[in-house]
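Those protein sequence lines, which keep their order, are chains A and B.
When we follow my numbering, the leftmost residue of the first sequence carries the number 4, and every step to the right adds one.
When we follow my numbering, the leftmost residue of the second sequence carries the number 4, and every step to the right adds one.
One thing to keep in mind: the hints can contain errors.
Note that identical chains are pooled: a pair holds if it fits in a single copy or bridges any two copies.
Within a straight-line C-alpha distance of at most 25 angstroms, the following computed BS3-like cross-link-like pairs (lysine-lysine) qualify [to be verified]:
| # | residue 1 | residue 2 |
| --- | --- | --- |
| 1 | Lys436 | Lys79 |
| 2 | Lys325 | Lys71 |
| 3 | Lys222 | Lys77 |
| 4 | Lys222 | Lys361 |
| 5 | Lys222 | Lys79 |
| 6 | Lys71 | Lys222 |
Calculated directly from the structure, the hints in this document are not laboratory data.
2 protein chains.
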Amino acid sequence: MHGDQALGLWDLGTHPTAAGPPIQSDRPPKRLFSTAHSAFLFGKEAEHAEGFATECAVVTHHRLEAIKDPVTGKTKMIPAGELAEPYVIRPTSETIIGAAFARWTESYRDLPLLINQWANVMRWEMRPRLFLRTAEFLWQEGHTAHETKEEAIAETRLMHRQYEEFLRDHLAIPVIPGEKTENERFPGADMTLTVEAMVQDRKAIQAGTSHYLGQNFSKAQNISFTGRDGTVQHAYTTSWGVSTRLIGTLIMAHSDDDGLVLPPRVATQQIVILPITPKEDSRQAVLDACQALAETLRHHSFQGDPLRVHVDSRDLNGGVKKWEWIKKGVPIRVEIGPKDIESRKVCVQRRDQAVSEKSFTDKGEFIQNASEILAEIHNTLLTRSTAFRNSNISACNDLDSFHAHWSGENPGWLFTPWAGTPEQEDALSKQHKITIRCLPISTDDLPATGSKCILTGQETTTRAIWGRSY
Amino acid sequence: MHGDQALGLWDLGTHPTAAGPPIQSDRPPKRLFSTAHSAFLFGKEAEHAEGFATECAVVTHHRLEAIKDPVTGKTKMIPAGELAEPYVIRPTSETIIGAAFARWTESYRDLPLLINQWANVMRWEMRPRLFLRTAEFLWQEGHTAHETKEEAIAETRLMHRQYEEFLRDHLAIPVIPGEKTENERFPGADMTLTVEAMVQDRKAIQAGTSHYLGQNFSKAQNISFTGRDGTVQHAYTTSWGVSTRLIGTLIMAHSDDDGLVLPPRVATQQIVILPITPKEDSRQAVLDACQALAETLRHHSFQGDPLRVHVDSRDLNGGVKKWEWIKKGVPIRVEIGPKDIESRKVCVQRRDQAVSEKSFTDKGEFIQNASEILAEIHNTLLTRSTAFRNSNISACNDLDSFHAHWSGENPGWLFTPWAGTPEQEDALSKQHKITIRCLPISTDDLPATGSKCILTGQETTTRAIWGRSY
Chain A
4 MHGDQALGLW DLGTHPTAAG PPIQSDRPPK RLFSTAHSAF LFGKEAEHAE
54 GFATECAVVT HHRLEAIKDP VTGKTKMIPA GELAEPYVIR PTSETIIGAA
104 FARWTESYRD LPLLINQWAN VMRWEMRPRL FLRTAEFLWQ EGHTAHETKE
154 EAIAETRLMH RQYEEFLRDH LAIPVIPGEK TENERFPGAD MTLTVEAMVQ
204 DRKAIQAGTS HYLGQNFSKA QNISFTGRDG TVQHAYTTSW GVSTRLIGTL
254 IMAHSDDDGL VLPPRVATQQ IVILPITPKE DSRQAVLDAC QALAETLRHH
304 SFQGDPLRVH VDSRDLNGGV KKWEWIKKGV PIRVEIGPKD IESRKVCVQR
354 RDQAVSEKSF TDKGEFIQNA SEILAEIHNT LLTRSTAFRN SNISACNDLD
404 SFHAHWSGEN PGWLFTPWAG TPEQEDALSK QHKITIRCLP ISTDDLPATG
454 SKCILTGQET TTRAIWGRSY
Chain B
4 MHGDQALGLW DLGTHPTAAG PPIQSDRPPK RLFSTAHSAF LFGKEAEHAE
54 GFATECAVVT HHRLEAIKDP VTGKTKMIPA GELAEPYVIR PTSETIIGAA
104 FARWTESYRD LPLLINQWAN VMRWEMRPRL FLRTAEFLWQ EGHTAHETKE
154 EAIAETRLMH RQYEEFLRDH LAIPVIPGEK TENERFPGAD MTLTVEAMVQ
204 DRKAIQAGTS HYLGQNFSKA QNISFTGRDG TVQHAYTTSW GVSTRLIGTL
254 IMAHSDDDGL VLPPRVATQQ IVILPITPKE DSRQAVLDAC QALAETLRHH
304 SFQGDPLRVH VDSRDLNGGV KKWEWIKKGV PIRVEIGPKD IESRKVCVQR
354 RDQAVSEKSF TDKGEFIQNA SEILAEIHNT LLTRSTAFRN SNISACNDLD
404 SFHAHWSGEN PGWLFTPWAG TPEQEDALSK QHKITIRCLP ISTDDLPATG
454 SKCILTGQET TTRAIWGRSY
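Isolated chain A, as found in the complex (with noise of 0.2 angstroms):
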């Protein structure tokens, strides 16, 4: 094993607990690229691999040289120092980290094990996505191998409730939790759990995974220990992640035609009190009174952190500062002119909220209710999202309707009975640019369909959300 893969690259050819340093040369080796260990890539790991192998960054050179164009006269930097064996940037981790447990896990004692690793990982998209498909993206990872299959499963279900969880109590977005078909599970998984967000576009987003390997990746890697019976067996694995694209999602969730719209908990700046100073003898007794409230709301908490409050005191232009402030989607915004500051008023304004609306209350009025005006902020935005998710999922029945749905503009999802095989599923997927996000776990929020699937007619109780994706 090699500090390189230890950090993150993926060799191709090596089998990843094999011992010795990297083989670099500067020449061409005998066979371009060939993977003299390529023991690695059978299995069920290859299952993995080749999940992956269209969207990989492949290095295959360790140095740039400078030539001089003969044509142009012009300096030009080009590869060289060509590998004997090619490289690919990590896509996901398991590999490395699979490497690590098999070296740390003798007995049952050594398990559980977890580790989570915030990294950056790569994968060539060809249509890149500000925050939802990048090339480069970075997220957390979670690993963990267990004694039992038991175990493991419920690993796996624990880090998807902590999914749809943060996503309904810090970002306000509603999830529908389920599972993924075979077809669109993680390559080398037994089990994906997904949970599916729908923005505003009514496309659908996959905002995290959670997936039970089995003992796919233990059996490959060897991660083996001897049991409380004395035999040798191997682990049970899963692993899990989100990552920058639920930042995408946040946007694509809530904002408007006017900006960000942010959700308190992951607010930077909960409250911004922008100082209305139009004369200059009361200006300096308005900023202390912005001062001054921004240090007692300080005081105040919002699920159990004290306050983020800013004070603008910027010397620019009222309005220019406002919708700065609106663009960028803090929650409350609060003025406070000369006049307020002898009635003891404030003006709060709220991203949930028109622009124009604005309501003036008395000021311990206010830092009394600031953090209850939060959670009402918070509670539009999931209500107001969820509402216009479970508006645009339609039960779908039979297969004309479910044709023709997909022709409008932003179709919203169809949920649907489902018993078709995996190569129908794909080919329903194909024609209309669909997929199955996933099977819904419960069906508590959902329309109530019928038990016929709607390709083969058959009874099921399997029922699939269909939708377009990012």
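Chain A is already provided as a structure; the job is to place chain B on it using the hints.
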């Protein structure tokens, strides 16, 4: 400016401020690795690109294809989808951040700008060494842009001091702050400040750097603004960073043959309490006493944070547990057995002292003194490493003893008057596999030297520290 760059891919051919999506093609381009827009590489920035040219991870393909070897019949994955232009994974991010700065800067009112990011960067290492030189590493990189040269230099020096203080006050590592010579400067910088640490094999580690970039990058990337006088000017920029290399430095500065030795401020656990439970009937009482002690200690603080205390109640052999915490470098170990409960004493052992040393202390007294003991441990480590370093820096005033010095095993550093040219410095460096680590800012802690350059005999006020380094 396309999405990939925003997240860190460093496009070789296209100027980073150019608009439009990345050019990608599955077909080989007409001119392999053509750099159609090579303007980017000229001017001052070429120096930067060429400075990193020998250690670049170059991405040339964006997917893998499974092919069957006609001879062996085995499947292997080979690079496919050749890119029309190769990409370099960022070795540092001036190019990317500068492109953003250029878009954000219109008026002097937009300055100063400060961005800090935690990012993985990649520099291809032929001889990787864990924590010190790895192909990929995590660091923080700060980037600033200023209206004036003075402000930018002040920022460069501010961060330089912060790194010095962080190493001294958190890691208990004394460093020599100084300036790099032109030869050792960051490619494209006007001035590179460094903090140099000595580890126990007397090698130097460049532990952090802060660069004054002048207008070199701002001119190449057009980071311009309308100044107070209405003219268009170029900003003065800086960049600075420390990396996971600090972990390697920490390990090599303090550890001993028994394992890690952690300075208290960065120790995950500052105090570990080990219950001694020889008899089953007193077991629970001992465990309870340990938990109660831990809880009390957590209400005390060290350097402004609550004490980090762990009770190791695992049912393992006492010696095994004790050695585990020694190896992990925990500053204070406390043992409590059945007799100690009666006598209200605890057995205290310190990681900065021999394993055999222990003191039986009144429990109440220990609680009162715990944070004081942690402060003492910090000071012991700092004093010890400072003394070690100082005893391994010798003044050297003649060339013969300079040459002779480097043939010794693990030679320490030499401190000399220096007035040589970059070429002369390079020749001496290559001859002895050494470098000028820095021209120290202060000579207060350093031995007295003569005033004639060790090589040229010229009178000089410049003093240089020479050493082997990682």
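- Determine which of the earlier numbered hints do not hold for this structure and return their numbers in increasing order. Of the numbered hints, 1, 2, 4 do not hold.
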